[in-house]
Amino acid sequence: MSEQENSATTSSTPEDENKLIAQRREKLTQLRKLGPAFPNDFTPEHSAFELSDEHALRDKEFFENTAVPAKIAGRMVAKRIMGKASFAQIQDTTGALQVFVQMATLGDEGYASFKQLDVGDIVGVEGKLFKTKVGELTVKASSVRLLTKSLRPLPEKFHGMTDTEQRYRQRYIDLIANAEVRETFKLRAAIVQYIREFFIKKDFMEVETPMMQVIPGGATAKPFVTHHNALDMDLYLRIAPELYLKRLVVGGFDRVFEINRNFRNEGLSTRHNPEFTMLEFYQAYATYNELMDLTEVLLREIAENVMGSTTITSADGETTYDFSKPFERLTMSESIAKYNPDIYAEDLAKPEVLRSIAESKGVKVDSSWGPGKTLTELFEATVEHRLQDPTFITAYPAEVSPLARRNDENPQVTDRFEFFVGGREIANGFSELNDPEDQAERFQAQVEILAAGDDEAMHYDHDYVRALEIGLPPTAGEGIGIDRLVMMFTGAASIRDVILFPHMRPERQ
RNA sequence: AGAAGCGUAGCUCAAUAGGCAGAGCAUCCGGCUUUUAACCGGAAGGUUGUGGGAUCGUUGCCCACCGCUUCUACCA
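Per the numbering used here, residue 1 is the first one in the first sequence, and the count goes up by one each step.
No wet-lab data here; the hints were simulated from the structure. Treat each hint with caution, since some may be false.
Stated by the list, open to error - Calculated pairs, DMTMM-like style, for lysine to aspartate or glutamate (alpha carbon to alpha carbon, straight line, at most 25 Å): (1) Lys338 <-> Glu380; (2) Lys373 <-> Glu399; (3) Lys128 <-> Glu45; (4) Lys364 <-> Glu399; (5) Lys373 <-> Glu352; (6) Lys19 <-> Asp163; (7) Lys140 <-> Asp108; (8) Lys115 <-> Asp41; (9) Lys222 <-> Asp232.
For clarity, every value in this text was computed on a predicted model and none was experimentally measured.
Based on the sequences and whatever the hints tell you, model everything.
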């Protein structure tokens, strides 16, 4: 990185300064006079977790008889001075470890410079392990070195940082101060890693497809628009990778997956961020039934192996979801009848009756809707939020599934499912429509909706139809929203709690 | 985009039907060699989000703006 020394004293605006920062800045000024103020020659040899884990069961006497060296580095998050001896807490990626510092060991000068350190400083500590009289594993320091001076005070030690705006804007402080936040993001990383390994083990190939697309396809959503200067053309940030992944199956890669960002130019909420992470995978010669089986195994394994339990607790702590028993599978019509005892499944097949049922349930039926759309709206209004335990809903109407294969027995519905837990959609999968002529007709239908004013309708993708004309083998594909999956597993109430840097309006300067 | 709520010391929070803005932690000074939200004594710390207005007088009331939170709409 470039040399920042010259700008060091001007990096903060005057009104941003206060006495606490000025005091620390003065300490840094003194440090600069003594040599390199930001040394880079300390290499830790142990982590906090490693040491606690390895020595957890050893008693006080063991350390009195055996010299166990420790060399750790991290942020000093607590400092307790008691005259000629002190305790400090050093936090690294893996956890925290207590350090004991004595004037008798460090000498007058060494102890005085330790006392100059502030909570928040990055330090390197060398010493030997011992156990305190209450049995806490502690490093008795033979040296404490300041590695990075922290100029800004950390939040209060007990309450941490609770102001949501600051937590999201300054996530680095949130991560330092709030252990449960660190834990959530470690779990997110572990879940993603598990998913990646799960698919690689099943001979799926991880690929990357365009983020910037000429035709935003694969979903119905408003895209972000950007501009390519050299080509002087608008491009769309992708709303889904689907059509590119299926082109790869046409190309002969029978099993592909991608874990990457999608962008949708829509509202923000506790369940929506403009950019969000999606897993999509495609498997040739498989059907949507096999993908339901696969989804069930994947989620159960994540629960067992990453979360350590097949019982997952909801964000409000009041509901638990059981991943151990087989997931329920219902068709959309069956689910409507099940959750609305006054509705008979056979009536849903009669368009006129369906319409009046939907209206009786408060659905404002639009004149442009066909029975499929009406059924889906009825489902979303009366069933979706009530699907608590893991549930697959199948037989989505073809009308609302422009990329899914029609069912052989009933061409009005598709071989498609969505997966719900805690009343929220987590996944969407189907046997892929690989009939190029049917696909061309469905694109045409979308174009007509688009022309009629629906700015979320799909564009006609001629190259995609051309690819289908080359031949897409029978294939099933699925998308799983990673953010919502992590929310569900970690009991997060807001999507912002599982995205490291959620979208915020810019701070005023 | 619409509605409701919130914004006070570095952090977590008080306060006044409009009348000198407080506490804990953190900081600074002093004491303390096994503490762990360490403890004890003292000190310092504020343009009450920003800008207008009403008032003898505002953190408080009115208006506008900025930001955040939740809900609704669009959606995953």
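Here's how the hints hold up against the structure:
no.: 1; hint: Lys338 <-> Glu380; result: holds, 14 Å
no.: 2; hint: Lys373 <-> Glu399; result: holds, 6 Å
no.: 3; hint: Lys128 <-> Glu45; result: holds, 13 Å
no.: 4; hint: Lys364 <-> Glu399; result: holds, 18 Å
no.: 5; hint: Lys373 <-> Glu352; result: holds, 13 Å
no.: 6; hint: Lys19 <-> Asp163; result: holds, 22 Å
no.: 7; hint: Lys140 <-> Asp108; result: holds, 16 Å
no.: 8; hint: Lys115 <-> Asp41; result: holds, 22 Å
no.: 9; hint: Lys222 <-> Asp232; result: holds, 22 Å
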